[in-house]
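**Q** The chain contents come next:
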Amino acid sequence: MTDTSNPGAVVKSHPMLDAPIINRVPPLVVARNLTKYYGSIKAVDGVDVIAYPGEILGIVGESGSGKSTVLRLLNLEEPANGGVYHLQINSLANTNLFDLDRFDKRDVRVHHIGIVYQNPHLGLRMRYSASGNVAERLLITGERTFGTLRSKSNASLQASEFPIDRVDDPPSVLSGGMQQRVQLAKAIALQPELLLLDEPTTGLDVSIQATVLDTLKRIQRLRTITMILVSHDLGVIRTLADRVMVMRNGRVVEQGLTDQILEDPQDPYTQQLVHAKL
Amino acid sequence: MSLIELAQPNQGYSYAFLDAFAKRELRRRILKGIAIPGYQVPYASRELPIARGWGTGGLQVTLSLVGPDDTVKVIDQGADDSVNAANLRRFITRMSGAETTTDANQATIIQSRHRITEEILREGQTLVLQVPNPEPLRRVEPDMAKARILHADADYGQMWLVLYEQLVRFGRYIQGASYPVMVHERFVMAPSPIPRWDTPDLHQSAHLTLLSAGREKRLYAVPPYTNVYPLEFTDVPFEVEDQSEWACRTTGERNKFMNELPQDDGSSVFELSDTGYMEKLVNHQRGEDVTIGTTYYDSEGQFYHDGYLKPRRSRQESPDA
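Order-wise, the sequence lines are chains Z and H.
Going by my numbering, the first sequence opens with residue 1, and the numbers climb by one from there.
Going by my numbering, the second sequence opens with residue 1001, and the numbers climb by one from there.
Note that these hints are calculated values from the structure, not bench results.
Bear in mind the structure is a predicted one, so any value in this text is a computation, not a measurement.
Note that CB positions come from ideal geometry on N, CA and C, so glycine has one too.
There could be a bad hint or two in this list.
[Stated by the list, open to error] Simulated restraints, written as ranges between beta carbons of each label pair: (1) H:Arg1138 to Z:Ser40: 35 to 41 Å; (2) Z:Gln271 to H:Arg1138: 49 to 55 Å; (3) Z:Thr211 to H:Gln1302: 56 to 62 Å; (4) Z:Gly203 to H:Leu1261: 51 to 57 Å; (5) H:Arg1139 to Z:Gly203: 27 to 33 Å; (6) H:Arg1122 to Z:Arg106: 41 to 47 Å; (7) Z:Arg251 to H:Pro1042: 56 to 62 Å; (8) Z:Thr211 to H:Gln1166: 30 to 36 Å.
I would like the entire structure built from these sequences, with the hints used as guidance.
**A** Okay, structure coming up:
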């Protein structure tokens, strides 16, 4: 922000630092005024979501606050009742993704967005092998060579730190942590720009949770992927997220840098949330 | 004047059992099926004096097509003499006056369960296949409404997932029957539970193939000279069963589809699955005057035209080279 007004001065005072990414790069995700009703219930009521490339944006809030609905809207799973949604990707830069027909929506979802659900049953075929689950993602883009499918899905599973000797086991016999790693491998198989995480570690025990979060952090660092992380667990948000949005009753009550929000909450609801945690 | 006097006199059954309205509906559905190769056309499956699952789909199609000049052959797993085949044949002939035969060359309508004849069917012949499960997508998409959308979008990527799993677990395609095929580069179709051996017979065939599922109320068709390719990965070609080591115990024939008959001592003997074809071979060996048609696979196991089975040929040729 400052370097436009007086660039020389900034370079002199901080010669070693790049300007923050927020000043250099336009945001990847720009969603404005997201609105979703279920009957008379306003699940999401005018929410703006801005996320920059390589950033992890956390969304916290109690159950029913609309945070998962925001994620479903961003994944184009459900039609929105209002709002615009742009992804800054060359071919799509000026398109409101909500206006696309279902073929193009599916295309965007397949190529540019990955998602990890809290419940692995939503994201995986429990009776097919782990590598088959990842390969499905490649199959729907038209890959028809078995050797390529095999090597690419194994590479993706390896990137999500899944034990390579178990790639042919079905998720139904895998532990919860491993199931989440299969979901993650599936989500990043096509190198999407945006990764949506819906309570990815809820229901895992603390030590497994830590290793999964570790993997997420590593993937984010290596691939400069944008992540939007929904969680009710402030510990998870503190570990991963750069910025946080606090939601309640379908509205954003507070947002800012993670440390700022968690250390110095301004909104009464956020204060209550942080204190309940600590 | 009472209602009973106005009503048609009781004539027993209408010709070919089904009433005229039912036959007209079936014929219209069949025409639609032929117009859109591989597309599953819904139809009102009528009650018949046999139970659903015993070939009611095929039987309804046969009854809607049959006339007094037709010759009907009924096959059950290759056999003409099983209880099911004999029942259907007797019913069709009693209701329509059509002749019956076990000779594939003489038949005009061939209703079959689980097999296509060894002899090549020609133009003008109609093959009616009984189908238990018409939906090839059921294994990857149990929701039929969603499966229909996938068909409409020609979105078949998930079908390869089934094949992928087979290759991962067993190193080869293990689907023995009802191998999914792509018809006319548009619809993926379940070709009824015919063995892989018979799948290539549908490709660019001279005859019309009608497939009908009575319980599921769907019928579909492969018109003559239509492309029918099995789904396969580019680097793992589709192959038919390799039975080249097996010889028929009755005729000595090789490279035809065989039944394996387990013996008391644990060994197996083999017999041609197509009994109509075997009967003709036996009569020929006795010196009777029978015309044996050319078969889809010759005595070396080579397919009769250059379809997609080339890889298998080259594999068979390689030991000699």
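**Q** All the hints need checking, so say for each whether the structure fits it.
**A** Hints, verified against the model:
1. Checking the proposed 35 to 41 Å range against Arg1138 of chain H and Ser40 of chain Z shows it holds: the Cβ atoms sit about 38 Å from each other.
2. Remark: the range hint 49 to 55 Å for Gln271 of chain Z to Arg1138 of chain H is upheld by a beta-carbon distance near 54 Å.
3. Judged by the Cβ atoms, the range 56 to 62 Å given for Thr211 of chain Z and Gln1302 of chain H holds: they are separated by roughly 57 Å.
4. Between Gly203 of chain Z and Leu1261 of chain H the beta carbon distance is about 55 Å. The supplied range of 51 to 57 Å therefore holds.
5. A hinted range of 27 to 33 Å holds for the C-beta pair Arg1139 of chain H and Gly203 of chain Z, which are about 29 Å apart.
6. For Arg1122 of chain H and Arg106 of chain Z, the hinted distance range of 41 to 47 Å is satisfied, since their beta carbons lie about 44 Å from each other.
7. The hinted range of 56 to 62 Å is not satisfied by Arg251 of chain Z and Pro1042 of chain H, whose Cβ atoms lie roughly 48 Å apart.
8. Taken as a hint, the range 30 to 36 Å holds for the pair Thr211 of chain Z and Gln1166 of chain H, whose Cβ atoms sit roughly 33 Å apart.
Consistency with the previously given hints fails for number 7 only.
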